[in-house]
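Undergrad: Sequence:
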Amino acid sequence: MDVGNFGFVVAGLIVGFIVGMTGVGGGSLMTPILLWFGINPATAVGTDLLYAAITKAGGVLVHGKNKNIDWTITGWLTLGSVPAVLLTLWFLKSLHTDPSAMNEVIKQALGVVLLLTALAILFKKRLLAFAQRHAGDNYHMRPRNLNGLTVFTGAILGTMVALTSIGAGALGTVALFILYPFLATKRLVGTEIAHAVPLTLVAGLGHASMGNMDWHLLGFLLMGSLPGIYFGSHMSGRVPDELLRPCLAVMLGLIGFKLAF
Numbered sequence: 608m609d610v611g612n613f614g615f616v617v618a619g620l621i622v623g624f625i626v627g628m629t630g631v632g633g634g635s636l637m638t639p640i641l642l643w644f645g646i647n648p649a650t651a652v653g654t655d656l657l658y659a660a661i662t663k664a665g666g667v668l669v670h671g672k673n674k675n676i677d678w679t680i681t682g683w684l685t686l687g688s689v690p691a692v693l694l695t696l697w698f699l700k701s702l703h704t705d706p707s708a709m710n711e712v713i714k715q716a717l718g719v720v721l722l723l724t725a726l727a728i729l730f731k732k733r734l735l736a737f738a739q740r741h742a743g744d745n746y747h748m749r750p751r752n753l754n755g756l757t758v759f760t761g762a763i764l765g766t767m768v769a770l771t772s773i774g775a776g777a778l779g780t781v782a783l784f785i786l787y788p789f790l791a792t793k794r795l796v797g798t799e800i801a802h803a804v805p806l807t808l809v810a811g812l813g814h815a816s817m818g819n820m821d822w823h824l825l826g827f828l829l830m831g832s833l834p835g836i837y838f839g840s841h842m843s844g845r846v847p848d849e850l851l852r853p854c855l856a857v858m859l860g861l862i863g864f865k866l867a868f
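The sequence shown begins at 608 in this note's numbering and counts up one residue at a time.
If you are wondering where the hints come from, they were derived from the structure by calculation, not from laboratory data. A hint or two may mislead.
Dumping the calculated DSSO-like pairs for lysine-lysine here, alpha-carbon to alpha-carbon at most 27 angstroms [to be verified]:
(1) K674 x K731
(2) K674 x K793
(3) K700 x K714
(4) K865 x K731
(5) K865 x K714
(6) K714 x K731
(7) K793 x K732
(8) K732 x K674
(9) K793 x K672
(10) K865 x K700
(11) K731 x K793
With beta-carbon atoms standing in for the labels, derived distance ranges [stated by the list, open to error]:
(12) F613 x N752: 47 to 55 angstroms
(13) M858 x T792: 24 to 32 angstroms
(14) W643 x N754: 25 to 33 angstroms
(15) T792 x C854: 19 to 27 angstroms
(16) L693 x P834: 32 to 40 angstroms
(17) G614 x R751: 49 to 57 angstroms
Note that beta-carbon positions come from the ideal geometry of N, C-alpha and C, so glycine has one too.
Please put together the full structure from these sequences, using the hints given.
TA: The following block contains the structure:
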């Protein structure tokens, strides 16, 4: 294994460790790291999407076994996200004849979504507390309207994920909690992961069909991330959340600002 490939294994190990320890989506960390390594933006996004689908598939099995997934909500989200992914991929394919234009669109979108993710991480507790505090304040949305809003949320997440590989984690969790404030946290997390797998799989395969995929890179990332997630999950709670989240938010915010502007 040469030095470059070893670097990808180490990157996978670090990202897996942080994801296992904090629960923050790997895409918001992995895609910027791949860009730093000099990987083409489109290839970085495509590779990271399949990386996310594989790493989160194990989470679905665990959450499904423990009955922590609301499959009805997952279905409504998927109804919005998968068509949005296909439309976004079609748009990117129309730019495929001009790789520089496609990469510029992806970089700009990546910067904006990273900034939003940084804000979601930084203010997550306040947003969740606000949603719970006002959940019963004359707020009686009809099931039909709630389902429609869930489909719309899925469409927004699908567009962001297909463009940047980011959004299904931090942003998806906050959106779900605002829509379903009385849903138990473990079911909310399980539902978000269950939705992320088909979303990232469809988007990843779509990017692979356009050639935006490096299979060797994917293998080296998984080689590091799978043990990283295992060890990180055992460290969860040992490092104060009040320290981790602001540091992570500032880092992602700076990267997003640099890419967007």
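Undergrad: Each hint should be assessed against the structure and marked as holding or not.
TA: Results for each hint:
no. : hint                            : verdict
1   : K674 x K731                     : holds (25 angstroms)
2   : K674 x K793                     : holds (10 angstroms)
3   : K700 x K714                     : holds (16 angstroms)
4   : K865 x K731                     : holds (23 angstroms)
5   : K865 x K714                     : holds (10 angstroms)
6   : K714 x K731                     : holds (25 angstroms)
7   : K793 x K732                     : holds (16 angstroms)
8   : K732 x K674                     : holds (25 angstroms)
9   : K793 x K672                     : holds (13 angstroms)
10  : K865 x K700                     : holds (26 angstroms)
11  : K731 x K793                     : holds (16 angstroms)
12  : F613 x N752: 47 to 55 angstroms : holds (52 angstroms)
13  : M858 x T792: 24 to 32 angstroms : holds (25 angstroms)
14  : W643 x N754: 25 to 33 angstroms : violated (41 angstroms)
15  : T792 x C854: 19 to 27 angstroms : holds (23 angstroms)
16  : L693 x P834: 32 to 40 angstroms : holds (34 angstroms)
17  : G614 x R751: 49 to 57 angstroms : holds (51 angstroms)
Violated hint for the displayed structure: number 14, the only one.
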